[in-house]
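Asker: Residues per chain, in single letters:
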Amino acid sequence: MSQRGGRLMYRAALAAVCAWLLVSSGCASGPARPAASAAPLPNLQRNDVLWLQRVTFGLDSATLAEYRREGRERFLDRQLGAPDGALPPPITAQIQALEISHADPVSWLAAVNAEHKTINDMPDGPDREQAKKTLNERGNQLAYEAIRRDLLRAVYSKAQLREQMVWFWLNHFSVYQHKAELRWLVGDYEERAIRPYALGSFKDLVLATLEHPAMLQYLDNRQNTAGHINENYARELMELHTLGVNGGYTQQDVQQLALILTGVGVNAGNTPRLKPDLQRLYVRSGAFEFNPAHHDFSRKTLLQHTIEGSGFGEIEDAVTLIVRQPACARFISRQIAGYFVADNPPPLLVERMSGTFMRTDGNIAAVLRTMFLAREFDAALGGKFKDPKRFVVSAVRFAYDGRPITNPRPLLNWLNGLGEGPYGRQTPDGYPQTELNWASSGQMSRRFEIARSIGSGSAGLFDSEDGAASAPGGFPQLSNRLYFEAVEPFLAARTKAALDRATSAQEWNTFLLASPDFNYL
Amino acid sequence: MNRRELLAAGGAALMSFGYMGRLYAAPAGGPRFLLVFLRGGYDATNLLIPYSSSFYYEARPNIAIARPDPASNTSALALTADWALHPAVRDTLGALYLQRQAAFVPFAGTDDLTRSHFETQDSIELGQPLQGARNFRSGFLGRLAQSLAGQPAAAPPISFTDSLPLAFEGAAMVPNLSLKNVGKPPFDERQAAILRDMYAGHHLESAVGSGLELRQEVALEIADEMQAANRSAINTKGFELEAERMGRLMRDKYRIGFIDVGGWDTHVGEGGAQGTLATNLANLGRGLQVFSQSLGTEWANTVVVVLSEFGRTFRENGNRGTDHGHGTVYWVLGGSISGGVIAGEQQPVSRASLFQDRDYPVLNDYRGVLGGLFRSLWGLSKDQSARVFRDVPPLDLKLV
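Heads up: the protein sequence lines correspond to chains U and D, in order. Using my numbering, you'd call the opening residue of the first sequence number 1 and step up by one each time. Using my numbering, you'd call the opening residue of the second sequence number 1001 and step up by one each time.
Please keep in mind that the hints were generated in silico from the structure rather than gathered at the bench. None of the values given here were measured: they were computed from a predicted structure. Please note: incorrect hints may appear among the correct ones.
A short, non-exhaustive set of chain D residues, derived as facing chain U with CB atoms under 8 angstroms [what the hints assert, rightly or not]:
(1) 1114
(2) 1179
(3) 1210
(4) 1217
(5) 1219
(6) 1260
(7) 1261
(8) 1262
(9) 1268
(10) 1271
No farther apart than 25 angstroms at their CA atoms in a straight line, the calculated lysine to aspartate or glutamate pairs in the DMTMM-like style are these [unchecked claim]:
(11) 179(U) - 1082(D)
(12) 1180(D) - 277(U)
(13) 1180(D) - 429(U)
(14) 133(U) - 70(U)
(15) 1180(D) - 137(U)
Just so it is clear, CB atoms sit at the ideal spot from N, CA and C, and this is done for glycine as well.
Could you build the full structure based on these sequences and the hints that come with them?
Answerer: Structure, rendered in C-alpha cells:
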C-alpha cells in the first residue's frame, strides 16, 4: 500500500472512531459545535495561538473560543482580574470528596506529633513497624490529595493564568514533601499561603509563606531560637525568595535576618504560658506561632537599616524593607519572565516589569500585564520549551478537551518520570525553568514515552478510584477540530511528514505530542 | 563526540548494527573518570575526623565521632596520626584506603564564598573564574570531553542523572539517563527513525537521537543483568544497583561519567556514629565499592572523585546539626592510584586555623586538584589543561 493510500484509509478510520467517541462519551466539545463556525477566523495567527498557550496551560476549545470572542487584551484582563475558576461539575465533585477539602491541618499535625510519640515509646517489633507504615501511608495519601487537586485545577480551571501562577509560586517558594511533617501540610500551603496571593501583592505572598508551618519546617526556622541560631531560612528568604544571590546582601545581613526571625515557628499544641509582658507579644494563627520567649530582642541592622527589637513587628518591617529593594523587583521580574518569555528574557522587558513592580509596590497582576502585552513578548513566541508540568497538563487539555478524567495519578507519575515531581524538589531553589534542564537526551526519550502513553490512551486516566478500569478506554482524538483550527495550519513540514508516516491513530497522536511544535510555545 | 561523529568513526560495522544494535564497546584499557557530586554540602569534618584536635571535640559536643578505639566499632578508624574515618565507611572506604585505592584531600574547595548551595554548585560545575561574565553553556567536564574528542583516546561521556548537569555543558552531545528505573525500550526501529526525522535540523536533533539510542543500549545491558542475577547471589538495590550498572556501562563504553547524590544538608539532627549522615555515608561507601567491583579489571584504569560544594561549620549549631561552611574534603578512589594517603596542602586543625572563625579554609583549589588528575590520566598538554580550567594550573598531588 502506498503511504498516501494508507493515510487516506487512516483518516477514514479516525472519523469513525471520533463518531464513536462522541456517542459513547461526549468527549470532544469542539466537534459538537455547529460546522458553520468551524473555519478558522481569518485573523487567527500563529502568534495568537502561541500567546494563548503561554497565558494558559495549553489549548482547549473553550479557551480558544473565549480568546476569539474577547481579543487578546480583554482575555488577559479577565484572567488577571477576579478570574472565574469554575470547574466542570464532576471535577468539583472529585475535589469535594477529598479529605483535604474539609479537615483542619492543625488537628492533623497534632495527631501526627502524638503518633510519633506513641511510636517512639513502642518496643521494636512488628507492631511498631506497622504503626510507622500506617502513619507513612497516611502522609502519602494526604500529599497525593493535594497534588491531585492541583493537577485537576491545572487541567480544568477556567482561571488558567492563576493556575499557572500557583504553580510558578509553589516552585518559587518550593517546599519538599518528604521533610518533617510536610505531607500533612502541603495542601494547606497551596490553599492558604500561595493561591490567594498568586496574582496579588508580592509582599503578602512572602508573609503568607513565612507564616506557614510548611515553610518553617522545611527551612528549619522552627529551630531558630535566641541563642540557637539557624540561618537556613534567613539565607534562602533573601537568596531564593526575594533578592537573588547577588541581590546586595551580605553574610552579616543573613545573620541579622536570622536573629529577626528567631521565635517564628510551629505549634500544633497548646499555647505556652508566658510572663504577662511576653504574653502581649505572642502571635498564633493555626499552627503558626511567634513565641517571644524564643525571640532575640537585640537591635538589628539589616540592609543598612536599623530594626529595633520589638517582636513580631520586626519581621513585617524586615519583609517590607526587603521587598521594596530594587534588587527584589528585578529578581522577581526576571524569574517571571524566565518562566513565561524566554530562558534569557530581554533585559529591557525585565526592566519595564521591574518598573511596574516598583510603581505598584509589587502588584503581581500588574507585572504580568506589562509582560504579556509587551512587543518583546510577541517577538519571543515559539522559542520556549515546555517544562514537564506544562507538557503533561497541555497534552491532557488538548487530548481530552474538557472531558473530565477520573484518575489523575498517571499525570503525577509522568511528572515524577520527567524529574519535576510536585513537592519533589529536595533543595529549596525549586525546579529550574530553562530548556537546558528539561531537554537532555534522557529527558527527551522519556518525554516521547509519555507522549505515547497519552496518545495511545493506555495510561488509565479514566480508571476508577480503586484502580479498576471502568470507563470505556480507547485513545484520545487529537486529530480533532481544535487541531485543524489552531495547530495544523502552523505545523512544521517535518512534523507533517512524520504524521503522514503514522500507521495508526495512536501512533499519530504520539508523534504529534512528541513533535517540536507541541513541545515549544 | 556527537552521534554523527560516532557514526563516522564506527563506519560500516556500526551502520550494519543500525539503531537496534549495541554500540561497539570501547577498546579495553584507557582511563576512565567518574565524578560523584554530593549536593547539599556534606559534613566533611565528620567523614575525615581530625581526631588529634581537642578543638574538634570541644566544637562538637553532641555529634563528634569518638577517637579511634579498636575495641569499639562506633569509634573512628585511624588513618594517620591526625586523621580518622567515620565508622560507617570502615568496611568500604576504609578497606580501599588500606589497599592504597583511596586517598583524601582535606582543605579542598572553591574560592566562591557565597555559602549558597546553588551558586556554589553552579560555579564549581562551570569551573570558570568567579569574576566577569560566565558562560552557562560551558562546564568543566564538557570542556574535558571536548579537549579529548577526536583523539585516539577519545573519551565518550555519560551522565547517570535524570537531567544533564551543568558540568557537562558544552560537550557536543552527552547522553544522560538515570539508572534507577529502566525498563524495556519504548520504540521500535521504525518509530524511532520517524521521531528522529521530526527533529532533523532542530537544535535538539542530537539529544533526541542519542536519547533513543541510549535507552536501547541500557535495555540490553539490563537484560544481561537479569540473566546474570540468576547465577549470582548478589542482591543489590538502591544506589548499589545504580552503581553496579554505572560500573558496567563505564567498563564497556563510557569514559567520563557523572552522578549526583543528594541529602547532605544536615542543618538539624545530623547524628554522629549513627544517624542521618552515617546512613548516607554508608550507602555511598557501599555503592562505590560495588562500582569498583563491577568495573572488573578496568577498575585499575579508573579514577573516582567525590566532592561537594562546600564543607560545613566546624562547630555544631544549636540543633545538633551544622550550617553552610567553606573548605571540604575530596575523595580520590581508583584501582591503581597511589592511595592510602591524606593528600594536598594541610595545616593543623585548631580554632586559630579556621576560616572566618567558622569553617575549614581552602588550601587546595578544586580546579587544581581535578586539573592535576585529568592531566595525569590523559596526559593533557598545557593547552588542553588550560582549556578545562583556564585560571588555575593543575596541581600534582602524586596520586595518579
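Asker: If you test the structure against every hint from before, which numbers come out violated?
Answerer: 2, 4, 5, 6, 7, 10, 11, 12 and 14
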